[in-house]
Each structure stands twice: as structure tokens, then as C-alpha cells.
Amino acid sequence: MIPAPFRTLRALRALNVAAVGLALAAITSAVLGGMLGDGGGIAELAVGASTWLIGTLWAALLRSQKRVTRRAIRIGWVLSPPLAALNAALASGALFGSGPPSHLTGSYGAGALLGATVGAIIWLPALLGTLVCFGLPIAKAQRLAEKGLAGEERGEWLVGLASAVMSLAGLALTWAGAHRAETGQLVTGWLGVAGLVTGGGAAILATARARRRRKFVSEAEAGKVPGYRIDTTDEGKVLVRIVTQGQGYRVADFEEDVFDLDDRGEATRPRSLEVRDDGAASGPKPRPPAEASDDGAASGLEPQPAAEATPAGNLAQPPAPR
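According to the numbering used here, the sequence shown holds residues 111 to 432 in order.
Careful: at least some of the hints might be erroneous.
To be verified - Below, in silico cross-link-like pairs of lysine-lysine (PhoX-like), each with a Cα-Cα straight-line distance of 25 Å or less:
1. K325 / K347
2. K257 / K325
3. K250 / K176
What the hints contain is simulated information worked out from the structure, not anything from laboratory work.
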């Protein structure tokens with residue numbers, strides 16, 4: 111089994127995807143509610159719901175490795191403006207659709223069209239604010255992830271912290287509003303609490319993993335971890351797993367390079383294997399040494415062909431040199 115601090119970050123990534131969507135929805139609905147006051151209850155509900163859905167989708171797309179354009183930009187960044195327009199269309203359509211049926215704006219389609227076009231005077235500045243508050247930490251996290259497991263972990267910590275801070279800001283704006291609709295306060299409050307829990311949880315989890323891994327590496331270097339040791343190579347340090355198999359005189363130690371480490375003992379890249387969430391390692395397995403059979407022959411060696419006999423009963427001999 112691979113130690114837990116060296117496994118993949120699937121749970122941490124999922125927490126941060128949820129945290130970004132929730133925090134973005136919390137701060138957006140809180141700002142809108144502060145602008146509209148008592149009449150902003152339905153507006154906060156519509157904007158909060160649409161921003162949560164689109165924001166979560168945006169956070170997930172930013173993690174995609176697919177790149178477009180000549181500069182090989184990640185698809186999540188390219189789709190940021192269209193997603194912002196879609197968010198405005200969904201929220202505006204919900205607001206206008208709940209209006210009087212006889213009015214021009216009393217249809218969802220008309221409201222969505224106005225939100226995506228004329229609403230650009232609102233969603234364009236909101237998009238810029240989103241890229242500053244969330245995009246910069248995410249971009250920094252992506253650069254850190256290129257340095258390996260420990261770098262990606264630090265990046266996830268940064269994204270979780272940013273999400274928690276923005277959720278807390280949304281809660282502060284909600285509680286500070288003296289004249290706010292009760293529905294809006296409830297919606298924004300739940301979004302803010304959920305964003306704070308998921309973002310803060312991601313930051314705490316990343317910190318705990320880093321501490322556990324540093325402790326594990328330190329103890330492995332001191333020879334206190336059975337089945338593991340730290341080797342120093344020309345490229346740096348390597349975490350090696352040792353598995354003993356067999357019994358009696360057939361016992362053998364299998365050594366497997368698990369992870370590359372930097373000079374500080376931080377995990378960078380897995381060595382010729384893929385570490386799964388369940389702790390198993392898939393990939394090339396070490397080749398066991400040849401085992402001795404009961405008659406003393408090595409089972410790992412191919413048997414040599416015996417000399418052929420001639421019709422006269424003598425062993426065939428190679429011709430004598432002339």
C-alpha cells in the first residue's frame with residue numbers, strides 16, 4: 111500500500127471545485143442584495159442559483175488539460191466570457207419570467223436575451239472581478255501543479271483559502287445589510303456557509319497532507335518506517351518501497367521506486383507507476399530474482415540443450431581444426 115499522503119488529490123480537487131462555485135455565488139448574490147435592498151429577495155435567489163451552477167462548471171473546466179488557440183490556452187479560460195454571459199442570461203430570464211405575463215419582459219426568453227446582451231454592462235465588470243478574486247489564485251495553483259504532487263497540493267490550499275475568504279466576505283455583506291429581504295439573506299447565508307466549509311476544509315486537508323508526508327519522509331530517512339527507505343541518486347532523493355515475499359530459503363526482497371523527492375523531501379513525481387486513491391500502485395512491477403527449484407536448478411534460467419548422440423552411441427563432437 112502507498113502511504114496516504116502520496117496518493118492522488120481527487121478529494122481535494124472535488125472540494126475546491128465545489129468551493130469555487132459556492133463562494134462565487136455567495137459573493138455575487140450578497141453584492142446584488144446590497145444594491146437592491148428589501149426588494150432583492152427573488153433576485154438573490156435567481157442570481158445565486160445560476161451563479162452556483164455556472165461557477166461550478168467554470169471551476170471544473172479550468173481543471174481540464176484541453177488547450178485551444180495558437181497560444182495553447184486552457185479551454186476553461188477561453189470559455190470564461192461565454193459562461194459569464196450564460197449566467198447573466200439564466201438569472202435575467204428567471205427574474206423577467208416571474209414578472210407580469212402581459213408585459214414585454216414577462217417571458218423567460220426576452221429576459222435571457224436582455225441579460226446576455228444589454229446585461230453586459232453588469233456581467234463584464236463582474237467577470238473581471240471574478241478573474242481577479244478567483245482566476246489569479248487558480249492560475250497560480252496551475253503553475254504550482256507543474257512542480258509535482260507537493261506543488262499541486264500547495265495550489266489547492268491557495269484555491270481553498272481564496273474560496274473561504276470570498277465566502278466569508280459574502281456572509282459579512284449579508285449580515286451587515288440592515289434592509290435586506292429575508293429570502294435573500296437566507297440564500298446568501300447558506301451559500302456563504304457552504305463555501306466557507308468546503309473552501310476551509312480543502313485548505314485544512316491540504317495542510318494536513320503536507321505535514322503527514324513530511325513526517326513520513328523524515329521517519330523513512332531515519333529508518334523508522336518498515337518497508338520504506340529514502341535513497342539518494344544523481345537526480346535527487348527517491349522513496350523506495352521494500353516488499354518481502356516468500357518464506358524460508360526462498361524469501362526475497364522486492365524493491366520499487368515509488369516517488370521522486372526534491373532536496374527538501376517534498377514529493378514531486380511518481381516513479382514509473384500510477385498511485386491510485388485506494389493506495390495501490392499500478393504500473394511496471396519489479397522483476398523477482400530467479401528461484402531455486404528442489405533439484406537445485408534455477409527456475410528463471412532456460413535449460414541448455416543436451417549433446418546429441420550419433421548412431422554409434424558416441425556423443426557428437428565438433429570437428430577438429432585443420
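Check: Are K250 and K176 close enough, with their CA atoms no more than 25 Å apart?
Finding: Roughly 18 Å between the alpha carbons, so the hint for K250 and K176 holds.
Notebook entry, point to check: Is it true that the CA of K257 sits at most 25 Å from the CA of K325?
Noted result: OK: K257 and K325 at ~20 Å, within 25 Å.
Note to self: Does K347 sit within 25 Å of K325, going by the straight-line distance between their CA atoms?
What the structure shows: The hint holds at about 15 Å.
Checked against the numbered hints above, the structure violates none of them.
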